[in-house]
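According to my numbering, the sequence shown is numbered sequentially starting from 551.
Keep in mind that a hint or two might mislead.
Keeping only pairs whose Cα atoms sit at most 30 Å apart, straight-line, the calculated DSSO-like set for lysine-lysine is [unchecked claim]:
| hint | residue 1 | residue 2 |
| --- | --- | --- |
| 1 | K1032 | K1000 |
| 2 | K1048 | K930 |
| 3 | K930 | K1058 |
| 4 | K1048 | K1032 |
| 5 | K740 | K754 |
| 6 | K576 | K1003 |
| 7 | K1032 | K1003 |
What the hints contain is simulated information worked out from the structure, not anything from laboratory work.
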Amino acid sequence: MHNVDLIVTIIVSLGIALVLGLITQKLRFSPIVGYLLAGIIVGPYSPGFVANPDLASQLAEIGVILLMFGLGLQFHLKDLLAVRNIAVPGAILQISGSICAGTLALWLMGYSLTNGILFGIAISVASTVVLLRVLSDNKALHTPTGHCAVGWLVVEDLFTIVILVLMPAVFGNQTSGSNIIWILSATVVKLVLLSLLVLVIGQKVLPALLTYVARTGTRDLFTLAVLVLAIGIAVGAAHFFDVSMALGAFLAGLVVGQSNFGVRAASEALPIRDTFAVLFFVSVGMLFNPMSLLVNWHLILVTIAIVLLVKPAIAVLVVLMFRRPLKMAISIGVALAQVGEFTFMLGTLGMALGVLPEELNSAIIATAIISIMLNPVLYKSINPLLVYLSRHGGSGKTTKLSTETIKEMGNRKNCVILVGYGHVGRTIAPMLLANDAHVTVLEMNIDTVKKIKEMKVHGLYAIHGDATRTDVLTTAGIDTAKAIVIAATTAPTSDIVKATRSLNPRIKVFAYTTFMGNEQALSEAGANIVLSGEGAVATVLSNRILREIQVNIDEGNWKLDIITDEP
């Protein structure tokens, strides 16, 4: 009989992961939870079918390599530099605080200092997949909060890569303390040599190789070339330089991502990466012993407390320390209140090196499942929390206005409040000013507010604050304003409309939204005029099409109504 362990392991693992992934997705949780649960089901600690752990581990290694390669492909230094003033020190302080909390907690429970430090490092980093998903679902990815959170996560990822590289050198050798410095020095030299080889020589060789393959016009060969480069460089880094395969894969992705083939490589390789990443999460779930929930419940509670309370609390305090709005601080804190793929890598490697006990890794996995499930729910509770705080004395800081400015604002006529100063807001403001309107901009981005003030345009004012808050709207002059224009594409527009109506029932409310599906809800909330980006594009594009093909307008509109009519 043929040996089908590999095939059985793959198909059963992926099959169960698919079913549980669909279920968790339907329940509006991250599919990662389903993948981890699939690993628990096929693992050695559960009855029934048991997947081959050795094969699953090797397949998971490929998943790690491709995850790190994908991270390198999508890494852009400019994204980090744009928010470096808060993301870099913020991430460093949050990681340090989490490590201290984890180390102290385990030390009080009788674990060694090494156990505590590695445990603290593992739970200090958040999941890229979960964070991006939560921000995207809440339309916060392309906001100042989203940019800061992503930059924060980039720093965490870079920190984790360094730790993954150093762990085998520090813990993989039975050496005395006097030799640690020598081992670390040798590792640093190897890292420098590998980085120079891949980043300098590879920057010329890899794009040239991909250019040659791309000219064949065969898509399969290009995909194969990308995979061979990713896995080959990762394995070569481990074999010849004695460093982690994760670093080699990251460097390879970094080089390819900065070349002309970055976008194509991502589109070709990342779907394959996602498949092997599923096997990685399944293999992590296989390490979880469900009995640990009963035996080591105290460890799990401590881990959950650090991840859901200590980590976000540190992040909130750090963001507020940099004089950012309360909403941004809470949003970043909640988004980071989970653990994910890098945590699993650190935990798995720690167990393999014998420096992280099994019960601690099980506590980490249990916390990952719980935190990933709760994260979307917690993020959606931010706005209700802010409303509660505003009604009970808590407040987010707004721009302090001088007496002269307040007096000048009080004498305005034709006052219009403009929420958001992005592309839409910057287009609207000059038109209003040119027609003798006074414009007060409400903006959450403090840098944008500073730029508006530096412009010193007559009749244009700027306030740093959250437009969903009644005190901020009052400061902006909502009671005497003739109109409010909500032009921020990522703002909670319905909440702004409701807050506006509660303060001034007679004001004209103009609302912009990206999606046509939001128009009815905004109208019901009290907006007089609602325009959607999708609707505007559809209207203009339809008219252009009809003119170009010279179709009768009435007939074309009739057919268009039939096509767009909902069943």
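Could you tell me which of the hints above the structure violates, numbers in ascending order? Going through the list in order, the structure violates hint 6 alone and respects the others.
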